[in-house]
Amino acid sequence: MGSTKFILGMRDQFFNELYKLFQEDPHAVFITADNGAPTLDQFARDFPDRFFNVGIAEQQLIGMACGMAFEGKKVYVYAIAPFVSLRCYEQVKLDVCAMNLPIVLIGVGAGYAYDIMGPSHHTVEDVSIMRALPNLKIYSMADGSSAGELAAQVHRDRSPQYIRFDRAGLPEVYAERNIEIGEGLTQLRSGNDLCIITSGVMVHQALTAADLLHQSAGLKVGVIDVFRLKPLNGDALKQHLRNVARVVTLEEHLLAGGLGSLVAEWMIDEDLRMPTMRIGQDDRFVFDYGGRKAIWEKYGLDVGAVVARIAGWMRGESGKAVPVPRQEAHGVPQGTAY
Amino acid sequence: MKTAPLASASHNNASDMEERLRRKAQWVRSTVLEMAVKAHSGHISTAYSQTELLVALYYGGLLRFDARNPKWNGRDRFILSKGQGGIGLYPILADLGYFPLSELENFAGVGNLLGVHAEWNIPGIEVITGSLGHGLPIATGMAEAALMNRDEHLIVCFLGDAELFEGSNWEAAIYAGHRGYRNLVCIVDRNGQGVLGPTDPTDRRLAADNPRLNPIDKKFKAFGFETREIDGHSFAEIFEALRDMRSAKRKKPLMIIANTRKGHGASLMEGKRLWHYRVPEGADLELTRRDINEM
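Chains F and U supply the protein sequences, listed in that same order.
The numbering of the first sequence is the working numbering, which starts it at 1 and goes up by one.
The numbering of the second sequence is the working numbering, which starts it at 1 and goes up by one.
Hints in this document: simulated from the structure, not taken from any laboratory.
Be careful, since some hints might not be right.
Unchecked claim - To give a feel for the contact side, a few chain F residues facing chain U, derived at Cβ under 7 Å: (1) Ala57; (2) Gly63; (3) Met64; (4) Cys66; (5) Glu71; (6) Lys73; (7) Leu94.
Note that the structure is a prediction, hence the values are computed from the model and not measured.
All C-beta atoms in this analysis are idealised placements derived from N, C-alpha and C, irrespective of residue type, glycine included.
Isolated chain F (complex conformation):
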């Protein structure tokens, strides 16, 4: 088993919608850091004066976007997710967020989407750091339909925004369902025994897990897709959790600062005390190959492991993850301080 098969993804559905907006808005510009997409060629071809490639230079990418936004442009910048977030973090902080400019950061390859490419391309800490930036909205989409719907809202909004897209095409969730982008979250499934709060690729895992938990244990499991991680729509979330007994957060991201973390913080601030379990990646870098599924299986993020852990927790077992043994790298266990 190698890398996930590449098919047209949510990014491309977003770009197709964005293309139409570019046709209407002469102030929209696009800057890429030498990153392409099948649907991006039409921008270069049809808007050559508004499409720029700065090369693999993310600091320049963001600085240039800042200068153009100051002069009245609506700027879209695009790179692989870790490079548009971590590589130029200070530029995003100062040049974009502190000056509150209409710049949209588009990152492709959220989580372990670039599965066999190692920690350099894994993007499992971007939510933690990006949500620390005032003024920045963060979107994390689960399918192509919702990504396409997102474009108009993002284009209207003059605030800084960061969109984390998956890499490959994911199954549709919203093809035959309305999405209210302004709501920031959708209750995809209702159920009062348990509610899984999730985002991005894990929405699909959660829906399957909900079905399996119903089949195997008769549990009524709700699923909420939080596609706007910041600002979290607390009012809507509170409404959905009104009669729910337990909460599980599920993310393909480090637990430190990710979705589970922000939900837990929100619960504390809202004085909302309910049994809650976070499922995500522990404090580690991943050097495992064989594809995304292999990573999920090793670290307890695949559907089987998620179902087993939730079922055990419902039976009264500890919600804590079973520790995965630390990898040895050059004889030094990860996380060892020396």
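Given the coordinates of chain F, assemble chain U onto it according to the supplied hints.
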């Protein structure tokens, strides 16, 4: 704070103009000193290396601006990329009427507009700087947008030389050279000093500890800039170097390497790294005041 000396009614020859600018520069240095003394804080020596350059830009008719309408679209975009030089720009902006002179009196104090680094909420300041290496990438975006909008203004990016160790400048330089922004003018305040030592050490011992920046001119030329090297304390050379900065004949971004001395005008500070972020007291303060008055 005292206001700046008024411009003489007739300065229709070069020496009148230069005398007027010299007096402005002296007032700026004196004001910077008193601001820093009162606040017990401020980058005095870096403000002194840039003084003549900023005075020439703002009072010498080089920059286009409207202090009563700071966001006037026809203004040149002046980016103080070396944000720690804010203390040296604020007196000029106040004197020109961007904000009241009284703001200078409580520099970095409670409720005051002005802090140590240039912030974008200050009238006359375009963007946040302070973290180095942000100005030039932003300037390229402004240059690109100005060309798209068919605006005639210039983007003037003012850099420190030690700032050039930030890699982002070179990312921006590649792109600026590639695009050939004729509306981009960069000025490097080449005062030769970083925090720990010279930016181009000649002493072998210092050379081991401090990376070398030279040859700056060849580097920027290779990146596609037209470069000019001048004495950054000479008004005549500053004007000569910037005389044709608006010329449509220019096909490349311009890089002025202005050789200056950190702490210029203050005998105590000139070229001494100790004074990068230090405020004189007692006899040192009196000496510095005397030095400035005698400039």
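These are the hints, each one checked on the structure:
{"no.": "1", "hint": "Ala57", "in the structure": "holds, 4 Å"}
{"no.": "2", "hint": "Gly63", "in the structure": "holds, 2 Å"}
{"no.": "3", "hint": "Met64", "in the structure": "holds, 4 Å"}
{"no.": "4", "hint": "Cys66", "in the structure": "holds, 5 Å"}
{"no.": "5", "hint": "Glu71", "in the structure": "holds, 3 Å"}
{"no.": "6", "hint": "Lys73", "in the structure": "holds, 6 Å"}
{"no.": "7", "hint": "Leu94", "in the structure": "holds, 5 Å"}
This entry satisfies every hint, going by the numbered hints stated previously.
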